[in-house]
Structures are given as structure tokens and as C-alpha cells.
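So the chains spell out like this:
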Amino acid sequence: MLAELLQFLFSGITVGAIYALVGLGFAIIYNASHVINFAQGEFVMLGGMGTVFFIGLGLPMPIAILLAIVLTVIVGLGLEKFAVEPARDAPIVTLIIITIGASIFFRGAAQVVWDRNIHSVPAFSGNDPIMIGGASILPQSLWIIGSTVVIVVALHLFFNRTMMGKAIIATSHNPLAAKLMGINTRIVLLLSFGLSALLGASAGILIAPISLTYTGVGIMLGLKGFCAAVLGGLGKPMGAIAGGLIVGISEVMTAGYISSAYKDAVAFIIILAVLFLMPNGLFGGRGTERV
Amino acid sequence: MNALAKPETGGILALAIIIAILPFLLPNSYYLDVANRVGINAIVCVGLNLLIGYAGQISLGHAGFFALGAYFSGILVSNHGWPPLVAMLTGALFVGLLSYVIARPIMKLRGHYLAMGTLGMGIVISIVLNQEGELTGGPDGMSVDGFSAFGWEPGNEQVWYWMIGGLLLVAVWLALNLINSPVGRALRSVHGSEVAASVAGVDVAHYKVLIFVVSAVFASIAGSLFAHSSGFLTPSEGDFFHSIELVTMVVLGGMASVFGAVVGAALLTTLPQLLTVFHDYEMLVFGAALIITLIFMRRGLVPTLLSAFKRRKK
Amino acid sequence: MTLLRVENLSKEFGAICAVEDLNFTINPGAIHSIIGPNGAGKTTLFNLITGVDSPSAGKIIFNDLDITGIPTFKLAGYGISRTFQNLQIFFNMSAVENVMVGNHLRNDSRFLPALFGFRSIKKGERVCRERAERIMCDVGLEEYIGSDADSMPYGALKWLEIARALASEPSMLLLDEPAAGLNPSETQEINELIKRIADMGITVVLVEHDMKLVMGVSDHIIVLDSGRKLAEGNADEIRRNPDVVKAYLGHRQKVC
Numbered sequence: 010m011l012a013e014l015l016q017f018l019f020s021g022i023t024v025g026a027i028y029a030l031v032g033l034g035f036a037i038i039y040n041a042s043h044v045i046n047f048a049q050g051e052f053v054m055l056g057g058m059g060t061v062f063f064i065g066l067g068l069p070m071p072i073a074i075l076l077a078i079v080l081t082v083i084v085g086l087g088l089e090k091f092a093v094e095p096a097r098d099a100p101i102v103t104l105i106i107i108t109i110g111a112s113i114f115f116r117g118a119a120q121v122v123w124d125r126n127i128h129s130v131p132a133f134s135g136n137d138p139i140m141i142g143g144a145s146i147l148p149q150s151l152w153i154i155g156s157t158v159v160i161v162v163a164l165h166l167f168f169n170r171t172m173m174g175k176a177i178i179a180t181s182h183n184p185l186a187a188k189l190m191g192i193n194t195r196i197v198l199l200l201s202f203g204l205s206a207l208l209g210a211s212a213g214i215l216i217a218p219i220s221l222t223y224t225g226v227g228i229m230l231g232l233k234g235f236c237a238a239v240l241g242g243l244g245k246p247m248g249a250i251a252g253g254l255i256v257g258i259s260e261v262m263t264a265g266y267i268s269s270a271y272k273d274a275v276a277f278i279i280i281l282a283v284l285f286l287m288p289n290g291l292f293g294g295r296g297t298e299r300v
Numbered sequence: 018m019n020a021l022a023k024p025e026t027g028g029i030l031a032l033a034i035i036i037a038i039l040p041f042l043l044p045n046s047y048y049l050d051v052a053n054r055v056g057i058n059a060i061v062c063v064g065l066n067l068l069i070g071y072a073g074q075i076s077l078g079h080a081g082f083f084a085l086g087a088y089f090s091g092i093l094v095s096n097h098g099w100p101p102l103v104a105m106l107t108g109a110l111f112v113g114l115l116s117y118v119i120a121r122p123i124m125k126l127r128g129h130y131l132a133m134g135t136l137g138m139g140i141v142i143s144i145v146l147n148q149e150g151e152l153t154g155g156p157d158g159m160s161v162d163g164f165s166a167f168g169w170e171p172g173n174e175q176v177w178y179w180m181i182g183g184l185l186l187v188a189v190w191l192a193l194n195l196i197n198s199p200v201g202r203a204l205r206s207v208h209g210s211e212v213a214a215s216v217a218g219v220d221v222a223h224y225k226v227l228i229f230v231v232s233a234v235f236a237s238i239a240g241s242l243f244a245h246s247s248g249f250l251t252p253s254e255g256d257f258f259h260s261i262e263l264v265t266m267v268v269l270g271g272m273a274s275v276f277g278a279v280v281g282a283a284l285l286t287t288l289p290q291l292l293t294v295f296h297d298y299e300m301l302v303f304g305a306a307l308i309i310t311l312i313f314m315r316r317g318l319v320p321t322l323l324s325a326f327k328r329r330k331k
Numbered sequence: 004m005t006l007l008r009v010e011n012l013s014k015e016f017g018a019i020c021a022v023e024d025l026n027f028t029i030n031p032g033a034i035h036s037i038i039g040p041n042g043a044g045k046t047t048l049f050n051l052i053t054g055v056d057s058p059s060a061g062k063i064i065f066n067d068l069d070i071t072g073i074p075t076f077k078l079a080g081y082g083i084s085r086t087f088q089n090l091q092i093f094f095n096m097s098a099v100e101n102v103m104v105g106n107h108l109r110n111d112s113r114f115l116p117a118l119f120g121f122r123s124i125k126k127g128e129r130v131c132r133e134r135a136e137r138i139m140c141d142v143g144l145e146e147y148i149g150s151d152a153d154s155m156p157y158g159a160l161k162w163l164e165i166a167r168a169l170a171s172e173p174s175m176l177l178l179d180e181p182a183a184g185l186n187p188s189e190t191q192e193i194n195e196l197i198k199r200i201a202d203m204g205i206t207v208v209l210v211e212h213d214m215k216l217v218m219g220v221s222d223h224i225i226v227l228d229s230g231r232k233l234a235e236g237n238a239d240e241i242r243r244n245p246d247v248v249k250a251y252l253g254h255r256q257k258v259c
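Residue numbers (our numbering), protein chains in the order written: chain A, 10 to 300; chain B, 18 to 331; chain C, 4 to 259.
Next comes chain A alone, as it looks inside the complex:
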């Protein structure tokens, strides 16, 4: 009984951490540009598939991971430079479709450059489950949870202690004021995309050993990450983390105790419930429109 609950909890936190990372990426880009980046999921795909590719070239795992991250960051920067930047004053709906176009483009490119098959990635430190309290947890899960914690702490320090991080936050509150203060908002935007790409790629690499990877893996992960971000109050990065964990745990619990068929629906049902009851997300403040 308890062991089962614990099992689900471990699974839930693991998958929740992944959603948290993806959601963080959404939140950071939204903060900087008020754009919902539907290509976020493809960053996840590129992380996983990129690692597969570089390992396939014979490179050792850590190098492959690094290169995959670099690749994804470059793609993220390219997305900002060539697709988002030129269309910056377009209506929001247009921007959303542009990022969707980008997501289609990345998937199409990945299919051409690599293939449509499912690939596996070796676990970072082996596959032998560790027993805790009667429940088993994969070493990879510990990697996921640990890495997410490290990333979150690093991000917190970045946003609160470094000039660049504070510049990003300032820009998200008021781009004009930030610009007048001498902040190069174009660099901030670029950096936000790069950062989100890094987060997405990390998520993709961390989860790949557990759930395999293929060129279509980004779609659902992206959407659920989006749920996590909205749950936390779009634009509140730390909220996205809580959102991700809530979605992950709820999903696994639902699959375990209620029905596995509706597992995928859980994230979206939660989001609908939250939107009905707490319109600005769990942590979003009331927005005030200045007239």
C-alpha cells in the first residue's frame, strides 16, 4: 500500500521534474517576449535525439550530451533571430503560429537529418533500481531529480545575483523602461531563448534513457510543459516548477489509481480546473492594466 504510493510518488516527481524544466523554458520566453513558444517541445526532442546522434558518431556520453545541448541552444538562438525577432510587432496569434511553424520545421528537419525511428539512450549510471521503503527508483530518476534541483538553484542565483539575470527580469516587467536603463533588450530576448533551449534540451537528455526518444517526442512534452507553466502562472518561473511537479504527480497517481487511459488528459484537466478557479495560475498575481 505504502510502497505503491511511494512508487507512484517517485515516478511522479521524476516526470514532474521534466515537465518543470520544459515549463521553465516556456515561462522564461514568455517573460521576455510575451510569446508562447510552441517550439519549446522541439528543444526537448533535439536534446534527446542530438545525444543519440553524437553517441552514434562514437563520442563519449558526456561530450555527446554537451554537444547536444550546444546544438539545441544554437537552434534556440536561431529561432529567436530568424523567426521571432523579424515578426516582433506581429499580432500574438501570428507569433504563436510562427513558433508552431518553427516546431514543424524542426521536426521535419530532424526527420530528414536523422530518421523517424525510436532510439534509446544509455542511462547515465546504470539501470539497477534502488530500493527505498519498498519502492524502487531508477538511478536515472535520481539524475533527473538531482539535475533539476541543481538547475533550479543555478537559475535562482542567475536571476537574483547576476546583472544579466536581473536584466532579464527587468525586461520582463517593462521592456521600455529596461531599454531606457541601457539594457539591451534584444540580447535579453536572445538569451531567454538560449536559456529555454538549454532547459528543454536538458529535459530531453535526462528523460531519454527512461522513455526513449524520437523526432515526435517533443509534442506532448511541450504541451504538458506548457500546462506546468500556466499552472504556475505564466511568467513565474518558480511557479512552473511547482506546476510541473503537480502535473507529474497527478498524472502518475491517476494512471495508477484511476485509469491509465486518461493519463494524458490529466494535465489538461488540471489546467482547466485551475483556470476556472484560479485564473492567474497558482502563483500569478492579479494583473493590472494601466490606463
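If you are wondering where the hints come from, they were derived from the structure by calculation, not from laboratory data.
Honestly, I wouldn't trust all of these hints.
Unchecked claim - Only some residues are given here: those of chain C computed to face chain B with a beta carbon under 7 Å:
hint, residue
1, G72
2, T75
3, F76
4, A79
5, R85
6, Q91
7, H107
8, S112
9, F114
10, L118
11, S123
12, S171
What you are looking at is a predicted structure, and each value in this text was computed from that prediction instead of being measured.
Even for Gly, the Cβ is constructed at its ideal location relative to N, Cα and C.
Chains B and C: place on chain A using the hints.
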């Protein structure tokens, strides 16, 4: 934007002529089938454009309404022997109510939360359609009997073509009427500035809900038409991709342009046929084309071309 | 009979008191101004009166009706209209259409007749457009009747907002910094327009920084400072009031 309103009788006439001539230009019934799909998508898009282009809202789950209309028709007619017209109207009523219930709380939110809410709704609908196999046939789909009303049945693609073409003209006419009325202007004011619209006496929440429901009903009816004309349904008709396709049609064709919606539907429905030339590169090319087109024509094709045309005349 | 009465009105944003315990009345048929240093709470006051924000405490009574907390869209029906400090023009429409929206409550906004293109709707549209064009002429915007809002200069847009506000046939018109961003000759034109509007029988309440405009046009001035009423009176009284002078030279943010 207001110039688009003036050539509307010309526009409807042109559309009617195109619809009348097209079958004679198409080589075989496969193309007629594609034309039917275009027409059905166009009906959805005309409604969706009222929501996105005119009222300035977003819906990333409209395919859900389409699929609900389709499955209502499919299930009630094929499994329970209901008359198709009644089933269609029942589906529309259900979708109307559902969209009202969803819109009321969510329309109070700012745009992105609306996007998320509609996204979530669409995905939940499509998952339910997938999972409730006993009702819907699940992922394998279900077949649907043909349409019949007052003893008449469209037997083949050709008859369907005229029916869909006629209904499209009706949909366009309705949309244009709405736009050129105080209701239409109120919708556009909501898009322009919600605060200023409120001060002028426009009940912003009411109009957002109204147009959401109207566009959902358009989608539902189109879905019912699709169910009968294609004869087979799968839950993918309600999935996220289809919802995005629909929004893309509206955005690409031209927001705040009824004819733009039709053009967008035509383009995006036929494009995959053209893109098969690229084989494996199909997705890549499509994605790139989408990005490039929207960067350079950010209000969509029809408004951009029309203002370029206006500028040249000056 | 007072037109507008504000009683013990307060608005807090977190720890900041934008408006604190305000009391004043606006009598019909005069031009009133609300002045004060930046941050005094003037626009917040307008937002409270027009339902854009809801008060933390207090009451707003218009024509003996308690309108506190009533949703904004209902107020046009009671006869209140306003313009905005940051222009809220409908840039997705033409100039005439902007003004036509102002007339929304007098239009037939039934859904089904609109959908089916009833002739009465079309006729109503023609009448509405003619009215809007007439208002634009009254206000001095004839040359922009065929224009789109997004092609008009800033000054003309300020006039357009006023035209739109007038289209709802208000009994009280709130103008939020109508002279902001205008040059001296345009400010003079606004001065004259305000007087013309008052002559039409509409009670005008201005929020304004331009002292020349305020002193030249107002019958009654209310001075706010840090959310509280500092002084009230006619132009001469206010000009000579030492507290008012001091408020404009030094300013503190008040915490509740």
C-alpha cells in the same frame, strides 16, 4: 481594414462564380473530394476568424468542436438511427452549450490563459473521443451513414460539392452581415481596446462569449457535414494538430477578413497535396514556408495583398 | 442637485494608498478640474468612477444612484463617459467607426437580426455613421472622416477619443489629460472644445497638468495630493492657496 467591407458583394459574387465553375475544371472526383474538404474547412475558418481576427481572441482547441459535431452526427445517425438533420442540430446545440460553459469563466482571463483553456479543452475532447471506444469506435474510427433530409440524399461527391458550396456561401453571408452591424463593431472594439469598449457601453465579456459560441457552432455544423460526406471518422479530427491547422488557415489567409479565411482554408487544405513533391522534406518545407509567409505578411495573405493593391492605386 | 458625489473613497494597491478618504461633489453644468502632482491619484480616481478599478472603501453616487462597483459597461447607459491618458483608440478600425462605437448603446445590438442582415440593422448603421460623421465635424475632425485610425496623427487621435466619448451622449464627460502631448495651439483648441462641450450642457471633469488650460477653463478645481483632497475652490482661490503651492514643490508617497 474597413475597405474590405466594401467589396463584399463583389466578393460573395466572385466566390459564387468560383464555386460554380470549379467542378468543370477539376479532372476527377478525387479533386472534388479535396474541394469538399476545403469547403468544410472554410466554413469552420469563417467562424473561427470572427473569433480570432475580429474579436481578437484565440482558440487552440476548435477542432474539438468540429469533432464533436462530427461524432454527434455519426453516433446518433449510424448507431441510433436519428435523422441526420436532427443529429446535426443536436450536435450544434450541445457544442453551443459546452462552449458557453467553457467560455464564461475563461473569457474573463487575459489572452494566453484563453489559449491554454481552449487548448486543454480541445485535447481533453480528443482524448475522450479516443478512449471511449464503445461509443466512438476509438482510434480506429467509425463509419457514418450518408446524409438524408426530407427524403433527399446527396449521393456522391458532386452533390456534396454543391451542398457544401452553398452552405459556405451562406456562412460567408452570415459572417459579413454580422461584421457590418453594431454587434460586429462591438466585437472589433473588444479587440481594439477592452477598456475603451467598456466605457462606450460594450459588455465585453458577453461579446467574447457570444462570438466563441458562434464560432464553435460553425465548427460543429461543419463537422457534421464532414461526417456524412466523408463517411468515416477518426478522433484525429479533433486533435491538437487539426486545431492548429485551423488557426493557421485563419492567420495565413488573413485575420479580420472573411474571404481571407476562405483563402487560408483553400491554401492549407490543398498545400499538402502540392508538398508531396518534396517527399521527405515535406514537413520541413511546410514549416519554413509558414514562418517566412507570416514574417512578411503578418496580417495574413488577403489583407496584405489588398493593402498593397490599395497603395498601388494611389 | 449634485451630479456626482464621492464619499470617503479609498483605493489601496497593496501598501500604497492611491486614493484616501476622498470627499467631494460635482455639480452639473460646470467645468471641473482635478489637479495635483504626479501620483496624487487623479487617474486612479477616474478609474474608480468609471468602474475600471473597484474602491477599497467608500461610495460613488451619480444622479442619486450608487454606482460604486458597477461594471464599466453599464456606466455609459447612466450618462458617464471618459477619455484616457494613454490613448485607447481602436486602431483596428477607421476613425468614423471609432466614433460609431461610442454610440453603441443606442444601436440595435441584437444578434439574430444582425446575423441575418435585417434591413433595419443596415438602416441603423447608416444613421449611426451619419451621426458619427456629424460629431467628428462638430469636434473639428472633418478631414479625417475617410481615414483609418492608425494613419492619424497623435493630436487628431486625442480629438477622436473625445468625439467617441461624446457619441454616447453623456451627461458627465471625464477627460483624462486631454492636453497631454499637445502643442500650445492645439491646447488652445482643446480649451475651446471643452467650453463648447460645456455649452452643450455636458458636465466636464478634467484631469490635467497644464495649469494654463486648467485656470483658463475651470469653474471649480479640486486639488489632490498623495491621494487626499488638499484644496477645493475656483481658479483664484486655488492659485492663492499656500498648501497647493507647497504640494507642487515637494511630494511624498503616502503609505496607509
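Against the structure, the hints:
no. : hint : result
1   : G72  : violated (14 Å)
2   : T75  : holds (4 Å)
3   : F76  : holds (5 Å)
4   : A79  : holds (3 Å)
5   : R85  : holds (6 Å)
6   : Q91  : holds (4 Å)
7   : H107 : holds (5 Å)
8   : S112 : holds (4 Å)
9   : F114 : holds (6 Å)
10  : L118 : holds (5 Å)
11  : S123 : violated (10 Å)
12  : S171 : holds (6 Å)
In this structure, the earlier hints numbered 1 and 11 are contradicted, and the remaining ones agree with it.
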